[in-house]
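S.K.: All chains, please: the whole structure from these sequences, using the hints.
Chains as they are written, first to last, in numbering that gives the first Met the number 0: chain A, 0 to 348; chain B, 0 to 578; chain C, 0 to 364.
Here are the simulated EDC-like cross-link-like pairs (lysine to aspartate or glutamate), alpha carbons at most 16 Å apart as the crow flies:
no.: 1; chain 1: B; residue 1: K27; chain 2: C; residue 2: D72
no.: 2; chain 1: B; residue 1: K393; chain 2: C; residue 2: D59
no.: 3; chain 1: A; residue 1: K320; chain 2: A; residue 2: E253
no.: 4; chain 1: B; residue 1: K484; chain 2: C; residue 2: E100
It should be emphasised that the hints constitute simulated quantities derived from the structure, not laboratory data.
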Amino acid sequence: MTSTHQFLRRLGGLTLGAVTALTVLSAGAQAETVLKVYTALEEEQMPVYKAAFEKANPDIKIEWQRDSTGVITARLLAEKDNRQADIVWGLAATSLMLLDKQGMLEPYKPQGFDQIKDLFKDTRTDKPTWVGMDAWAGALCYNTVEGEKAGVTKPESWADLLKPEYKGHIAMPNPGSSGTGFLDVAAWLQMMGEKGGWDYMDKLHENIAAYLHSGSKPCKAAAAGEYIVGISFAYPGVQLKNQGAPVEVILPKEGIGWDMEATGIMKGTKNLEAAKKLADFAASADANKLYNDSYQVLARKDVEAKVPENYPADEANKLIKNDFYWAADHRDTILAEWQKRYGSKDAPK
Amino acid sequence: MAEITMTAPRARQAEMAEGKKPPIIRPKASGDDLIMRGCLVVVGVFFLVTVVLPLYALLKKSVEDANGGFIGLANFAAYFQDPALTQSLQNTVSMAVISTILTLSLAFGYAYALTRSCMPARGLFKAIALIPLLAPSLLPGLALVYLFGNQGVLKSLLFGETIYGPIGIIIGEVFFAFPHALMILVTALSMADQRLYEAADALRAKPMKTFFSVTLPGCRYGLISAAFVIFTLVFTDFGVPKVIGGEYNVLATDVYRQVIGQFNFHMGAVVGLILMLPAVVSFFVDRLVQRKQVALLTARAVPLTPKPRTLIDGFCLVLCLVVSMFLLAILGMAAFGSFIKFWPYNLTLTLSKYDFGALGTGGWGDYFNSLRMAALVAVIGTTIVFVNAYMVEKSNGFRWGRNLIHFFAMVPLAVPGIVLGLAYIFFFNAPNNPLNFIYTTMTILVVNTITHFYTVCHLTALTALKQVDAEFEAVSASLKVPFYKTFWRVTVPVCLPAIVDIGIYYFVNAMTTVSAVIFLYSSETKLMSISALNTEDAGNTAQACAMGMTIVATSAILRGIQALLAKRLQRRSQAWRTR
Amino acid sequence: MAEPSARKLYLHIDSISKSFGSFQALKSISLDIYEGEFVCFLGPSGCGKTTLLRAIAGLDIQTSGRIEQGGRDISALPPSKRDFGIVFQSYALFPNLTVAENIGYGLVNTGKRRAEVQGRVTELLNMVGLEGQERKYPMQLSGGQQQRVALARAIAMSPGLLLLDEPLSALDARVRLHLRTELKHLQRQLGITTIMVTHDQEEALAIADRIVVMNHGVIEQIGTPEEIYRHPTTPFVASFVGQMNFFKAAASDVGGLRIGNIDIVAPDASGCGDGEFHLCLRPEDVQVRGIRPDQGNVFEARIEELEFLGSFCRAQLSALQDEAVRFQADFSINAMRDLELVPGRSLSVALPQDRLRVFTSDRHR
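M.R.: See below:
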């Protein structure tokens, strides 16, 4: 009864929202520039960012297109010869580097560039094509309820995962389908060295229950009790925990691979001035404060990052010294090797 | 006048005497013929733009290197050296074969029960069996996790096996392919000649003998054609293996891995083309088989009316109960999941997951986009399909053109959605394509969806048109009535039930389509089926279920309205059908 | 029957051939049809009769050859540019239109006023005997009634030529008999040139002014029903139309013919030369009463079987002289009674010379 009532109230709110949206839309029709933004940020983050930017730049309207990192990157590349996006706001830096390799990005140094930490910008050039916003790192999601039931303890490190007790309880993203999966593989190879990394994965492979096709999926599956440990990244785990899932988000103590959300202007955009304004905003302290709602490690030096609710602390110190260029250059060979070693596993063990 | 009639033959005789062959008569085309040919040309251009050129663009990608240079079959060679290929191929084939055998057996039993038994509630069972058509592919995947996953309510049924992998894929594919197989088999089994059974009875044949010597041979073409449809569907399906397949790789997920994971379009195109091969082969075999079907049923056949047989009817009822329970359980689990606060740890019921606006984005707007797209696809698609099928079936002359267009209409069946989507992005977003302005608009979604589901609609329309008297056009011509008037006044009303069926089929599929449009939508034209996928991706499984259920409910309501209208329609505008 | 040449030529068909791929459905057909005539195309299925009809209608235009209708060359014209009404075997009635709408279908399109169309439809309904049925749908009518609607629709536009493609074959035997008489009356009344395709020789004999017998894409014979029946010019016509006894015969020493070991005198046998012949005689022409001693071709035969066919009996006979000579004879019920014919009985039979027809065997297809 109550829930029905609630639903009706929400429905009312919805209608109101729709009317407001319509009004805003018709008002927005007067805005001079429509900026087409491609993003892989979470569905619920973008409206907030958009509102903040449009408030600061009333003459620019953002029209955004969101999809998962893989899909949006594939789409940007497929649209290479006839670009639809004006700017990318919130896509993995590794993806932006791919676009950059294809010469698809417009170099631009946003205002406050000197306030961006070195890790978050391309220090090799004076004409950066992308600028970082925040970092997201690999993490483990551990289901406390199922762990207790099965007598599997909470892992604290990558090394823990090799213990026999985890056999058949770990899910991990397939690096061939998922950026997160690749990020983990690249991190292990950098941390443990080429040989050590592959040795580690050989042993880990024995304990893996399934390689899944998306980066957030292992954590979600762990939260739903399908597996006990999911190798994933922090954000979905935190979200699920906020929704009431019995998960712990763990940052393994050896260090974690990471990537960052970044912004880059598409070369050839017809709205270069507006795109630059957005790039400025994306690098601003105000924007960084917004990012802090979801992420702990920010690009700006001058914004004091607080730890978001339920977020594991101390993420910044655990980030490995990630060589993005090395990872990008060796991507194909790493994936081919991975595919050869583990790709043809025909059924989950 | 007399002179003319006299001289002409003489002249001809003279010609013949000189050993000349009589001149070939070149039939003069009537106004009707010209209009029909014009229509065929227009449709031909439509297919050129929506099927041929996009697939050509894809084909081109498969023989190019990363910089667009021609490298022949090097990509294919590289792909065939991938150790995962043999595994994927083997997996794909074995999944397709097992799913085909299972689906075919179940669907045959079910179709037999619907058409040949006297068990109660046949209408209801038929309605239930068509439910999977209404559901986006995401839904059964999620439901299977709820049911058979490690926390699943029915996990014990798997005896320790995991649902992630072949078992899950097979269950999911059977769920999906079942209604397709059922529709074909119901048609095949209802076209039976009572006289054959009377003859078998008179010969005192045992029921088993009758079944194997009359029933099975009578619908063998239906069985073969259903087998190919299922095989093609399972072979190319991407939704089920992605959600529930774990790392059990199949070719369709290989495309996904190449394109979404590694941004390797050239390799994606290669796998896409490989994926099309078996479908193309099965298509030609199917054509061959269909050709033999024609003379099966004579006009004098007496339709079969089943007689009650306690044992067999009872068995049929049990089978139908079990199968429909399975279908309902999957749907019911998804519905249940959409009302749950947090599976499996907080089973409080809530309606909050249906508040799609709560996350702040598209919300119900996506739903209305879906509705708009589905309505446009249903109306425009049905019009194109029916007019085209009419031209192919009823026009005179221009044979090669008609055959070619028929072939084009059959091609989409062999093209998996993600391959079609890729082909569209390459073709329609090329800077030198004058049509590139439709990229990211509603138009391209509508065109893509019409093309994607074209073949089944085309076949339905052809079947309906073949049942219409072949001489209507001849009669109209003799009465000096242009064909389009007869088309509008007679052919369309007579085929109305089939036309409505096509429209609904288009609508339902447009509501659930994902893989073909994922590269083509824009922020303005985001669809609910895509939203559901992204929502699930972001971890909101329950909300994804809710979105899926909204789609199911919409399609179900539409089907309900159709059933009601069909009844009234039959009473009114189809009064002529009743004696 | 009036002398054909005295009547006005209406349809002139000149060396029509039609091929479907490598199959030749019509081989150089030539034919003249006169105004007001009722012509039947008769032949077994696959003989090309329907193909010829469809060529005349323009529905399947011939590969080569010329067709003139009323002096106009229509060889290459599409159906809509020709002048004919047509009734198909299926009737092709529009199922969703009423009887009146079906009949008035072409009239409405000519831009006639509603009342005018209605008047004409009523007139046509009266003509075919379907008064008061105008609001019914075809499915609500019997087969015979549907056939009448199709006929009324075909003549509604007063075409110069009426084409009927096996219009009676889908009907019950009784209805068929009844309708064919009506059809003939209607045709007479309207004076419309009519071509009907049929495989039923009895129907053709009963209804046609002239019959065109076709087989394997060629015309075997053209003639009045009586000519076709009495004087078949080819063995095919002889066997296809009516019942016919075929005797295998050879030239005899005495200049006549021999059937088995029976000497036969036949009128047109002289000059046939040596070789095999076929002698034809209709069962009803086998003479058993009033045989003159001098008339020849008389021999004794035994009744093997008798088949009662209502108004007459058909007997299987074999010659006593040569049991291999077997044939049929029709006896009236009167003759049966008078001669006390029962199986096993022998009697004298005569094969009348003026009824015998001789065909050389190599012409027998």
